[in-house]
Amino acid sequence: MTIRTRFAPSPTGNVHIGNIRAAIYNWLFSRHAGGEFLLRIEDTDLERSTPAAVKTVLDSLAWLGLTYDGEPLYQSTQRAHHLEIAERLLAKGAAYKEDKGGTGKGECIIFKMPGTDISFHDEVKGDLSKKAEDLKDFVIVRSDGSPVFHLGNVVDDITMGITHVIRGDDHVENTFKHVAMYQAIGAPMPKFAHLPMIVNAQGKPYSKRDGAAYVGEFQEKGFLPEALFNSLALLGWSPGEDLEVMDRAEMVKLFTLDRVRSAPSQLDMTKLLWMNGQHLKRRGLDEIAAGCEAAMRRQGLWRDDIAPDYFRAAVACMGERIRLYSDMGEQAAFFFDEEFPYDEKSVKKRLLKDGALGILREELAALEAVEPFTAAATDAALHALGERTGRQMGDLVHPVRVAVSGTGVGPGLFDMLATMGKERVLRRIRRTLQTYGG
RNA sequence: GACCCCAUCGUCUAGAGGUCUAGGACACCAGGUUUUCAUCCUGGUAACACGGGUUCGAUUCCCGUUGGGGUCGCCA
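Going left to right, the first sequence walks through residues 0 to 437 as numbering that gives the first Met the number 0 numbers them.
None of these hints come from the bench; they were simulated from the model. Mixed in with the good hints there might be a few duds.
[Stated by the list, open to error] Straight-line alpha carbon distances no greater than 25 Å define the calculated DMTMM-like cross-link-like pairs of lysine to aspartate or glutamate that follow:
id, residue 1, residue 2
1, Lys104, Asp143
2, Lys220, Asp326
3, Lys91, Asp136
4, Lys111, Asp169
5, Lys207, Asp168
6, Lys348, Asp414
7, Lys135, Asp168
8, Lys203, Asp168
9, Lys348, Glu361
10, Lys176, Asp133
11, Lys203, Asp121
12, Lys104, Asp44
13, Lys96, Asp116
14, Lys252, Asp121
15, Lys124, Glu35
16, Lys104, Asp136
17, Lys220, Glu329
18, Lys344, Asp414
19, Lys421, Asp342
20, Lys135, Glu172
21, Lys270, Asp246
22, Lys348, Glu338
23, Lys176, Asp136
24, Lys135, Asp98
25, Lys91, Asp133
26, Lys190, Asp257
27, Lys135, Glu97
28, Lys421, Asp378
29, Lys280, Glu319
30, Lys207, Glu46
[Unchecked claim] Restraint-style ranges between C-beta atoms, simulated for each label pair:
id, residue 1, residue 2, range
31, Lys99, Asn173, 11 to 21 Å
32, Arg423, Ala262, 48 to 58 Å
33, Met188, Ser145, 20 to 30 Å
34, Arg423, Asp353, 18 to 28 Å
35, Glu216, Glu243, 22 to 32 Å
36, Thr269, Ser237, 10 to 20 Å
37, Gly12, Gly185, 31 to 41 Å
38, Asp353, Glu243, 41 to 51 Å
39, Thr269, Tyr95, 49 to 59 Å
40, Arg426, Lys203, 52 to 62 Å
Computed from a predicted model, the values in this text were never measured in an experiment. Cβ coordinates follow ideal geometry from the N, Cα and C atoms, glycine included.
From just these sequences and the hints, can you work out the full model?
Spelled out as structure tokens, the structure:
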């Protein structure tokens with residue numbers, strides 16, 4: 000029998016990380032078993048389930064590389080079938096009609112619980128059971144004739160041939176109802192696995208107030224999909240042997256449900272950031288440059304006059320200082336903008352002290368003579384100047400750094416100078432001298 | 001409130017009765033490398049919620065307490 004799992008989101012316009020984590024586990028589990036991973040769009044709430052909302056789901060899956068088999072099943076197309084099953088349950092006496100009053104008007108169809116205790120084996124939580132008196136009958140078809148979640152969910156899982164239902168912890172209580180339905184319908188029972196919630200520092204369900212809660216937000220911030228994937232997979236699952244940084248293939252190979260924990264866990268943004276850096280290292284310069292460019296466009300920092308080669312060189316120069324694509328725009332915009340701002344503190348500390356401007360003038364002269372303008376050559380020139388004047392390298396390096404970048408922190412100075420090129424460097428130093436030198 | 005579930009360093013976790021003076025990672029602290037920052041290297045601080053059992057022996061098994069979470073819709 001082929002293992003078949005599914006992801007069954009109801010499109011609301013946002014895909015929560017807890018939800019996508021469930022998708023990741025379903026995907027990992029089926030790919031590990033050589034089975035299928037199906038997609039079902041639970042779009043019965045027509046108001047919220049707009050084409051745009053569906054697209055958000057599809058985009059999130061695609062971004063994370065969660066490929067699904069076959070075409071997505073839209074639940075709204077199954078309505079007739081749902082109602083047919085409801086009729087059959089009615090005929091069997093497993094359901095009954097009643098006017099419960101209250102919200103609805105008229106009769107609805109109610110599923111009759113069997114009156115016995117119900118138990119099932121959860122693949123991560125173990126044996127779960129509930130007493131008959133704690134189980135209540137529930138509506139499966141509203142008085143307006145529309146099927147309720149429980150009916151559609153179970154019937155669709157049966158028609159799709161789902162063998163493993165892997166979903167969030169918030170569904171455990173529903174599962175007792177679902178188990179009863181499978182029995183009443185006479186369909187083979189899938190295996191169930193309930194995943195712990197992702198919570199915030201207060202132990203409450205993780206929400207966007209805790210940083211970012213939707214897949215799209217992480218994408219916008221410039222996170223790598225494989226880093227989010229890796230981090231989310233590790234929230235509740237561990238392959239053992241102290242393995243942490245993995246690509247999808249490694250996780251597929253190692254993933255098993257019995258190594259999934261049943262305690263809720265917090266998402267730590269700092270560790271996610273570290274994870275992102277780890278995965279960034281595995282990417283090539285071209286990919287990183289492309290990601291940084293996309294991020295800068297989103298940040299409104301991209302300029303069409305940035306030469307591709309210069310951009311790549313600047314990204315390479317920043318090296319591992321880039322942990323997030325958005326870092327390029329936030330930390331290294333000075334590479335491309337001649338109107339870069341000067342950091343006040345750095346100016347005070349490095350330019351307006353102890354004759355620093357005088358040193359900068361000498362350095363300008365020394366750099367003017369450097370040809371070709373390589374990192375090694377500028378390095379040598381400033382070292383020579385240092386020897387000649389008996390100054391520490393620190394006294395020489397900092398004024399130049401602030402003069403060409405406006406900030407006291409950044410890549411290694413000589414690499415940065417070589418990357419910027421002689422013309423740009425000299426121009427910036429001259430302008431700085433004019434601005435602050437009087 | 002009722003029912004169900006959960007409980008190892010600040011965080012994510014390893015640990016499936018002795019191998020645990022509890023291991024790893026992030027974060028943090030100290031030192032080193034570096035012109036700055038980041039990276040990198042070395043070292044360090046830091047946890048089995050509590051109380052009872054079971055056992056020769058419990059982080060590991062059982063019960064209770066405490067704490068936390070989930071569910072109690074003609075939402076999904």
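Against the structure, the hints:
1. Restraint check for Lys104 and Asp143: satisfied, since their Cα atoms lie roughly 8 Å apart, inside the 25 Å limit.
2. A C-alpha spacing of about 10 Å is found between Lys220 and Asp326, which places the hinted pair at or below 25 Å, so the restraint holds.
3. A distance of roughly 16 Å separates the Cα atoms of Lys91 and Asp136; the hinted pair therefore holds under the 25 Å criterion.
4. Among the hinted pairs, Lys111 with Asp169 is consistent with the structure: their alpha-carbon atoms are about 22 Å apart, no more than 25 Å.
5. For the given pair, Lys207 sits about 19 Å from Asp168 by alpha-carbon distance, which is consistent with the 25 Å threshold.
6. Under the criterion of a C-alpha separation no larger than 25 Å, the hint pairing Lys348 with Asp414 is consistent with the structure, at around 23 Å.
7. For the hint pairing Lys135 with Asp168, the CA-to-CA distance comes to about 20 Å; that is within 25 Å, so the pair holds.
8. Between Lys203 and Asp168 the CA atoms are separated by roughly 13 Å; this keeps the pair inside 25 Å, and the hint holds.
9. Our distance criterion of 25 Å between C-alpha atoms is met by Lys348 and Glu361, whose separation comes to about 19 Å.
10. For the given pair, Lys176 sits about 11 Å from Asp133 by alpha-carbon distance, which is consistent with the 25 Å threshold.
11. Proximity of Lys203 to Asp121 is assessed by CA-CA distance (about 23 Å); at most 25 Å being required, the pair is judged to hold.
12. As the CA atoms of Lys104 and Asp44 are separated by approximately 19 Å, the hinted pair is consistent with the 25 Å bound.
13. Between Lys96 and Asp116, the direct Cα distance comes to roughly 23 Å. Compliance with the 25 Å bound is thereby established for this hinted pair.
14. The hinted pair formed by Lys252 and Asp121 meets the criterion: a straight-line CA distance of about 22 Å does not exceed 25 Å.
15. Using a Cα cut-off of 25 Å, the hinted pair Lys124 and Glu35 holds, with the two alpha carbons roughly 24 Å apart.
16. Annotation: proposed proximity of Lys104 to Asp136 holds, straight-line Cα distance about 19 Å (limit 25 Å).
17. A hinted pair counts as satisfied when its Cα atoms are at most 25 Å apart, and Lys220 with Glu329 qualifies at roughly 12 Å.
18. Taking the CA atoms of Lys344 and Asp414, the gap is about 24 Å. The hint holds against a cut of 25 Å.
19. A C-alpha spacing of about 23 Å is found between Lys421 and Asp342, which places the hinted pair at or below 25 Å, so the restraint holds.
20. Straight-line distance between C-alpha atoms of Lys135 and Glu172 comes to about 11 Å, which keeps the hinted pair within the 25 Å bound.
21. Between Lys270 and Asp246 the alpha-carbon distance is near 17 Å, which keeps this suggested pair within the 25 Å criterion.
22. Among the hinted pairs, Lys348 with Glu338 is consistent with the structure: their alpha-carbon atoms are about 21 Å apart, no more than 25 Å.
23. For the suggested pair Lys176 and Asp136, the alpha carbons sit about 9 Å apart, so the restraint of at most 25 Å is met.
24. Our distance criterion of 25 Å between C-alpha atoms is met by Lys135 and Asp98, whose separation comes to about 16 Å.
25. Between Lys91 and Asp133 the alpha-carbon distance is near 23 Å, which keeps this suggested pair within the 25 Å criterion.
26. Annotation: proposed proximity of Lys190 to Asp257 holds, straight-line Cα distance about 13 Å (limit 25 Å).
27. A distance of roughly 15 Å separates the Cα atoms of Lys135 and Glu97; the hinted pair therefore holds under the 25 Å criterion.
28. Restraint check: the Cα-Cα separation between Lys421 and Asp378 comes to about 13 Å, which is no more than 25 Å; the hinted pair holds.
29. For a cut-off of 25 Å, the pair hint linking Lys280 to Glu319 stands: about 8 Å separates their Cα positions.
30. For the proposed pair Lys207 and Glu46, the alpha carbon gap of about 23 Å is at most 25 Å, so the pair holds.
31. Taking the beta carbon of each, Lys99 and Asn173 are about 20 Å apart, inside 11 to 21 Å as hinted.
32. Look at Arg423 against Ala262: about 55 Å separates their beta carbons, and that is inside 48 to 58 Å.
33. Between Met188 and Ser145, the C-beta spacing of about 26 Å keeps the proposed range 20 to 30 Å intact.
34. For the pair Arg423 and Asp353, the supplied restraint of 18 to 28 Å holds, since their beta-carbon distance comes to about 27 Å.
35. For the pair Glu216 and Glu243, the beta carbons lie near 23 Å from each other, so the given range of 22 to 32 Å is met.
36. The hinted range of 10 to 20 Å is satisfied by Thr269 and Ser237, whose Cβ atoms lie roughly 19 Å apart.
37. For the pair Gly12 and Gly185, the supplied restraint of 31 to 41 Å holds, since their beta-carbon distance comes to about 38 Å.
38. In this structure, Asp353 and Glu243 meet the distance hint of 41 to 51 Å, their C-beta atoms being roughly 47 Å apart.
39. Separation of Thr269 from Tyr95 is about 55 Å and conforms to the stated range, judged on CB atoms against 49 to 59 Å.
40. With their beta carbons about 54 Å apart, Arg426 and Lys203 fall inside the hinted range of 52 to 62 Å.
Every hint, counting from the list given before, is met by this structure.
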